[in-house]
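There are 4 protein chains.
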Amino acid sequence: MADTLISVDLSESPHTNENVHNRWHPDIPLAVWVEPGDDFKIETYDWTGGQIKNNDDAADVRDVELEQVHYLSGPIGVKGAEPGDLLIVEILDIGAKEEMNWGFNGFFSKQNGGGFLTEHFPEAQKSIWDFHGMFTSSRHVPGVKYAGLIHPGLIGCLPDRKMLDMWNSREKALFDTNPDRTPPLAALPNTQSAHMGKLKGDERDKAAAEGARTVPPREHGGNCDIKDLSRGCKIYFPVYVDGAGLSMGDLHFSQGDGEITFCGAIEMAGWLHIKVDLIKDGVSKYGVKNPIFKPSPITPKYDDYLIFEGISVDETGTQHYLDVHVAYRQACLNAIEYLKKFGYTGAQAYAILGTAPVQGHISGVVDIPNACATLWLPTDIFDFDIKLGKDGPKKYLDGSIDIPLAPDL
Amino acid sequence: MADTLISVDLSESPHTNENVHNRWHPDIPLAVWVEPGDDFKIETYDWTGGQIKNNDDAADVRDVELEQVHYLSGPIGVKGAEPGDLLIVEILDIGAKEEMNWGFNGFFSKQNGGGFLTEHFPEAQKSIWDFHGMFTSSRHVPGVKYAGLIHPGLIGCLPDRKMLDMWNSREKALFDTNPDRTPPLAALPNTQSAHMGKLKGDERDKAAAEGARTVPPREHGGNCDIKDLSRGCKIYFPVYVDGAGLSMGDLHFSQGDGEITFCGAIEMAGWLHIKVDLIKDGVSKYGVKNPIFKPSPITPKYDDYLIFEGISVDETGTQHYLDVHVAYRQACLNAIEYLKKFGYTGAQAYAILGTAPVQGHISGVVDIPNACATLWLPTDIFDFDIKLGKDGPKKYLDGSIDIPLAPDL
Amino acid sequence: MADTLISVDLSESPHTNENVHNRWHPDIPLAVWVEPGDDFKIETYDWTGGQIKNNDDAADVRDVELEQVHYLSGPIGVKGAEPGDLLIVEILDIGAKEEMNWGFNGFFSKQNGGGFLTEHFPEAQKSIWDFHGMFTSSRHVPGVKYAGLIHPGLIGCLPDRKMLDMWNSREKALFDTNPDRTPPLAALPNTQSAHMGKLKGDERDKAAAEGARTVPPREHGGNCDIKDLSRGCKIYFPVYVDGAGLSMGDLHFSQGDGEITFCGAIEMAGWLHIKVDLIKDGVSKYGVKNPIFKPSPITPKYDDYLIFEGISVDETGTQHYLDVHVAYRQACLNAIEYLKKFGYTGAQAYAILGTAPVQGHISGVVDIPNACATLWLPTDIFDFDIKLGKDGPKKYLDGSIDIPLAPDL
Amino acid sequence: MADTLISVDLSESPHTNENVHNRWHPDIPLAVWVEPGDDFKIETYDWTGGQIKNNDDAADVRDVELEQVHYLSGPIGVKGAEPGDLLIVEILDIGAKEEMNWGFNGFFSKQNGGGFLTEHFPEAQKSIWDFHGMFTSSRHVPGVKYAGLIHPGLIGCLPDRKMLDMWNSREKALFDTNPDRTPPLAALPNTQSAHMGKLKGDERDKAAAEGARTVPPREHGGNCDIKDLSRGCKIYFPVYVDGAGLSMGDLHFSQGDGEITFCGAIEMAGWLHIKVDLIKDGVSKYGVKNPIFKPSPITPKYDDYLIFEGISVDETGTQHYLDVHVAYRQACLNAIEYLKKFGYTGAQAYAILGTAPVQGHISGVVDIPNACATLWLPTDIFDFDIKLGKDGPKKYLDGSIDIPLAPDL
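Chains as they are written, first to last, in my numbering: chain A, 1485 to 1893; chain B, 1485 to 1893; chain C, 1485 to 1893; chain D, 1485 to 1893.
No wet-lab data here; the hints were simulated from the structure. Virtual Cβ for every residue (Gly too), placed ideally from N, Cα, C. Keep in mind that the hints are not guaranteed to be accurate.
Here are the computed lysine to aspartate or glutamate pairs in the EDC-like style, where the Cα-Cα straight-line distance is at most 20 Å [as the list claims (entries may be wrong)]:
hint: 1; chain 1: C; residue 1: K1646; chain 2: D; residue 2: D1798
hint: 2; chain 1: A; residue 1: K1778; chain 2: B; residue 2: D1522
hint: 3; chain 1: B; residue 1: K1778; chain 2: A; residue 2: E1574
hint: 4; chain 1: B; residue 1: K1684; chain 2: B; residue 2: E1694
hint: 5; chain 1: A; residue 1: K1525; chain 2: D; residue 2: E1583
hint: 6; chain 1: C; residue 1: K1874; chain 2: D; residue 2: E1566
hint: 7; chain 1: C; residue 1: K1824; chain 2: C; residue 2: E1603
hint: 8; chain 1: B; residue 1: K1785; chain 2: B; residue 2: D1577
hint: 9; chain 1: D; residue 1: K1824; chain 2: C; residue 2: E1603
hint: 10; chain 1: D; residue 1: K1871; chain 2: C; residue 2: D1765
hint: 11; chain 1: A; residue 1: K1656; chain 2: B; residue 2: D1875
hint: 12; chain 1: A; residue 1: K1778; chain 2: B; residue 2: D1867
hint: 13; chain 1: B; residue 1: K1871; chain 2: B; residue 2: D1788
hint: 14; chain 1: B; residue 1: K1718; chain 2: B; residue 2: E1519
hint: 15; chain 1: D; residue 1: K1825; chain 2: D; residue 2: D1761
hint: 16; chain 1: C; residue 1: K1778; chain 2: D; residue 2: E1583
hint: 17; chain 1: B; residue 1: K1759; chain 2: B; residue 2: E1607
hint: 18; chain 1: A; residue 1: K1785; chain 2: D; residue 2: D1577
A short, non-exhaustive set of chain D residues, derived as facing chain A with CB atoms under 10 Å [said to hold, decoys possible]:
hint: 19; residue: I1575
hint: 20; residue: E1582
hint: 21; residue: H1616
hint: 22; residue: M1618
hint: 23; residue: R1623
hint: 24; residue: P1626
hint: 25; residue: G1627
hint: 26; residue: Y1630
hint: 27; residue: T1666
hint: 28; residue: L1669
hint: 29; residue: S1780
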């Protein structure tokens, strides 16, 4: 068996674990070292570090401290890795921690992060998803069961100083255009609850003050939340610092394209079994700016879909110019309306779109002024027939079950 | 064999054909009538009505008159269809006209429509794609061959007066925010080259002045340019007028998600074999706003991909807020840089992304401030090995062939 | 458009067409010549040459003259092809003849050919399948619709004299072990209704007396009836004579693995668009004995199945030793019993297994004394839910429709 | 986490474990009881009970005691199950035992079981396959790597007395037709090394003398060796005794259709996570004789193949009548010859066909006198390009590595 190089103890705070960090900074010391060609296991906390519990009360989602996210395991040093190399990461397997055989999905309160449809679902809600081997289902969302397309929502290498500065300055510039917005336009460096791995003392404080938040995806990959970056994938990451400094976390049992619920996919603690290797000078050889990856030969084959279209006219009827974000939102809202006809509440339908392996396609981006996006809902995840027929929909759910909601205080 | 209800003669101007129109307006008389349950064939012009020729000169793309687009065949009346019904359209087959066994792809000049990457490719270029049964290849883009995922770029029902007015007013409002922009923010009603089917005289002139352009996708579907809306699909269209008034055109032999080259996919003249039926009162039964469809059981199974990530930081380094359009543009630019390492020119790489069955996924839309989009490039369409290796890329092309360019005059 | 090199007139007897033949013999003159790299079209009769009609009477199936089969179009000469080469045939497209937009399936009388389940279905029956673009359905078998996986049941190159002699002698040896058997153990050369293409006079008579029947698959490919050898495939055929002499016919709109109904798949007249090329000396380079092929990138993706097992204990309870033929027969019989629970007659169920894209897998061939075979029945071809549930099957069919039967005279 | 109801200790003989047995007999006491709807884990030995070691010496394969096989875990009692019910088994997950992260494949000596190609590979050989997460590769077979399609080779319910008697009598009848054959025609009851679970004393001895060997698949399923009966499947088993008595074992990490190497697939010890339920009276409701199953939504998508044809003319040139076994053997031999052109030894090629997810299709079974079978070899499992080209094959292997062989003593 491959060795476990980084372990996590879910009964302990991630802040007690020196091989964990929650900010990006080149000064974070490498936690462990491996050779190119090695394969090994890495354990991770769930992204919130255990803030969300397996119960029927969404108060923990409402009250989550987002300054803590995301707890990453690493950085892993790869011997011989130098800036300009490509780090090859092959995901050989991923799984849940035995002691946490479930995951959570939720919508943040609009006052604390919000989400893609926060105008429609402004208060905190939470659903719990149990894992049954390779499948998942939820006591809060009856009638659906999915095979997991397990993946790390967040994985990438440490930035160098120059890249870190660039991230901070461009995000600050955006933030400053509307500093009072809720939710904010960007998550800027913040020392609150910063965890800088093995870094201590003044160096730690300085790095915490500068360290980029882990929230957005960036040039190094990071929090891409790509559902297809799953076990069996081979990923090519740009290297910026000696040793590469690969970190990862934010495991998802299953997610839809867009991770529209934000909190998030089906979030879980777990482990990855990975193999690393190098393409020396690969960044210039292949002209790479962001990571490139090859998909897995094993993925759930949900091949029958209902496909919902959306265009870039928003809910108020206002026309936007080729705005795919607006178009995808409309496609999602259209799917939610459809699912409600079968008895789901809006929140349940939203949770399905956030957790099931739905596809979100950029279908047309040139036909002024409307972008067209499509939301692909797999029909085989439902216990009942979700397709259209001449007789109209048959209600499958009686409305007795809903996703717990925790009103803003 | 199914009857051909609408024929087109490619040697004649579409304006001579009363069963063709290029504007959306409720007053356009229904061209033909069918019963629910009927199947039949409809021929169509290419979207430009024959303006682009099979030669090595892009002047026709540069000089295209966009006021003419799109020439649609219809409107087809379906007996018994009433506002609020869903019109089921099953695409039983699609093909090219025997006398035009080729298609074209191009980039418009930035001064005349532009495209997704118009800042990078500001001048008109054109590639010609020959059809070899179910495959296509181009003398201007060596090294690739695709199986066609043939589809109508544009299909939908006539709007009623209320919907037409809504379209016109919201698009006008957007246009007015920057009326001098090139390309414009919206294509407003324009009598130049308007073709209103059987409508004549004053009624024709009035409708031409009000008729919505066919450029954008809208509530009725229309110019969605969804590559997966291909033969074998079943589509459910909202009906707004008695008889439904279904029109279609803008056939594509193959296209990538986004139709990023705008002119367009691999554009062709051809025919569709369709079957129609009704779900009475289906709009309210299923809560439908935009069309819904089920994908075909037969599609090209290109299952191995290189997946390129892009985030919503634009080419200048400016940070945008969850802008999927910017993110997808970066993913496309990343793929183009990659393909150039194998010897393709930028224009050839752009043409591949516009014409091959690439997927564009909305991968993350909540991780502020960056959206993440992915561009999936199928590896099996290339005659050579396009994957990454330790030795770096091997140039497959010697640069002797490029896509013809017609400089702005 | 590609040229049609061989045309057939379905209103005329195939015996009037010199570019058609129904025996394999090296002396049959090449009908047309092409160059390596050429693509072109070839029309074909249905395998019986039009003996079966679109009506509700199976008498034509009962009375079919099997000495006539199979009418092949060719042989096509490929310039430069020599014995020992591999002939590459790419199937660019296949379709039905416009004037015959339907096909037939049947079971022969046990007295005239029989079939896989002839003990269970000893008399002639026939179903007619209409083509609706890429789909087919039958007025004799309600409740199913398939996308076609169109393919030539029969394609291959002329044998040389040595190979012909080998075929004739080994098949004669088998036949002689039970010469009175009905149906016979092998179809030996037979001058009755032999059609030798352009060959005339004594040479014709001599070749007709020696010519191998087209019934079995052999080293050259021939009547393989492989459902996956469909449009989009690339096939590598051994060449035995100068010019290769490629012939083809027996087109099928759709077929299950095994072609268990024998008459046959959904049999049709039609055309192929193919491209040919050569690998010089390919037979020894690659150690090829029988043809090798690569599957198409476009095939129907029926991915959900009910899988029926069968073992090599026959219907009487007798144990056979690792006999896959017996095992597959049991799997088929098991599927038929299952389908009868939903209201199908046995004959309808048998017709479905013969015509739908069912898979037949050799699942275990070493576990003495039982072979295990599996029959994969796609669930998505049914208009209703064919899966198992706690409540038991719901009859979908009322038994009012069956497949016409023509009793033996 | 689900409870592990049956554990195995690989360092102990399976004969010390009362929840294991290696014969089928209705008198074997149920090992554990569960309720319908329960999910739980079951551990299993490898099929030989640990006789084969991870080394480079095939002597253990040569000297294997086949009277021991197969060690099954069970029988599991399901409360309420009665004869005539269908037992639903959902395979939620399968994995290797941590302490045995490898598997073996081998060919038995012809004198001790042989295999599908025993005439060509008459002596014992063995290859060891290491597991790397979801992938496997072998130090004895360079150049290939597969994603596992893990499955139990053997699973089924206890027979009742009547079924047991039927098995024994029909297999004895076959055996008696050639009692001296090596390998034998059937594996008859044999007390040597029989392990009857909890059964003790005279009852044990009597049952051991009557108990059916586990070698062949039978009506109850049993040793079907169906590669697609993998994690994610749902299987419907006939129930013959009160409590059903479900047993399972013979786990495979990966296998080709036919399990042609007999010893066997990639054989492993491991665990299954399953869920059970009942369809009362399901046998008659659905007309079930052998198990039926639905495939998993997650399987390796190896979609590009080289497909080899074989016909029922054997290696000596003798014609057989519609014998799929002979035809598949020819297809396999054809694939082996092809692979040798790339540098593999025959034994390596044979091992690949036995362990990789190759498909074996029954392609034509009615075209007298030849059956046609096809062997589908996935091209993406190879580290190099295995496809045909004009230049001929390039040797990838230098012949320095082969599969260990242990000559007969």
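Hint-by-hint comparison with the structure:
With a C-alpha separation of about 18 Å, the suggested pair C:K1646 and D:D1798 falls inside the 20 Å cut-off, and the hint holds. Taking the CA atoms of A:K1778 and B:D1522, the gap is about 45 Å. The hint is violated against a cut of 20 Å. Note on B:K1778 and A:E1574: the hinted pairing is violated, with a Cα-Cα distance of about 34 Å set against a maximum of 20 Å. Restraint check for B:K1684 and B:E1694: satisfied, since their Cα atoms lie roughly 15 Å apart, inside the 20 Å limit.
As the CA atoms of A:K1525 and D:E1583 are separated by approximately 16 Å, the hinted pair is consistent with the 20 Å bound. Pair hint C:K1874 plus D:E1566 holds up; C-alpha atoms about 15 Å apart against a cutoff of 20 Å. Distance restraint check for C:K1824 and C:E1603: the Cα-Cα separation of roughly 18 Å lies within the 20 Å cut-off, and the hinted pair is therefore satisfied. Restraint check for B:K1785 and B:D1577: satisfied, since their Cα atoms lie roughly 18 Å apart, inside the 20 Å limit.
For the proposed pair D:K1824 and C:E1603, the alpha carbon gap of about 43 Å is over 20 Å, so the pair is violated. Note on D:K1871 and C:D1765: the hinted pairing holds, with a Cα-Cα distance of about 16 Å set against a maximum of 20 Å. Of the pairs offered as hints, the one joining A:K1656 and B:D1875 is violated, with about 40 Å between alpha carbons and a cut-off of 20 Å exceeded. For the proposed pair A:K1778 and B:D1867, the alpha carbon gap of about 18 Å is at most 20 Å, so the pair holds.
For the proposed pair B:K1871 and B:D1788, the alpha carbon gap of about 10 Å is at most 20 Å, so the pair holds. Between B:K1718 and B:E1519 the alpha-carbon distance is near 17 Å, which keeps this suggested pair within the 20 Å criterion. Annotation: proposed proximity of D:K1825 to D:D1761 is violated, straight-line Cα distance about 50 Å (limit 20 Å). Between C:K1778 and D:E1583, the direct Cα distance comes to roughly 40 Å. Violation of the 20 Å bound is thereby established for this hinted pair.
Between B:K1759 and B:E1607 the alpha-carbon distance is near 41 Å, which puts this suggested pair outside the 20 Å criterion. For a cut-off of 20 Å, the pair hint linking A:K1785 to D:D1577 stands: about 17 Å separates their Cα positions. Hint status for D:I1575 relative to chain A: holds, with the closest Cβ pair at about 8 Å, below 10 Å. Given hint, D:E1582 at the interface with chain A, holds; its Cβ is 6 Å from that chain's nearest Cβ, closer than 10 Å.
Interface restraint check: D:H1616 against chain A, minimum CB-CB distance 5 Å, threshold 10 Å, status holds. Given the 10 Å rule on beta carbons, the hint for D:M1618 holds: about 5 Å separates it from the nearest Cβ of chain A. Restraint check, D:R1623 versus chain A: the minimum CB separation of about 15 Å is more than 10 Å; hint violated. Annotation: interface hint on D:P1626 violated; nearest CB of chain A at approximately 16 Å, more than 10 Å.
Checking D:G1627 against chain A by beta carbon gives a least distance of about 17 Å; that is not within 10 Å, so the hint is violated. The beta carbon of D:Y1630 comes within 9 Å of a beta carbon in chain A, closer than 10 Å, and the hint placing it at the interface holds. Interface hint at D:T1666: violated, since its Cβ lies 41 Å from the closest Cβ of chain A, which is beyond the 10 Å cut-off. With a least beta-carbon distance of about 39 Å to chain A, the hint placing D:L1669 at the interface is violated under the 10 Å criterion.
The beta carbon of D:S1780 comes within 8 Å of a beta carbon in chain A, closer than 10 Å, and the hint placing it at the interface holds.
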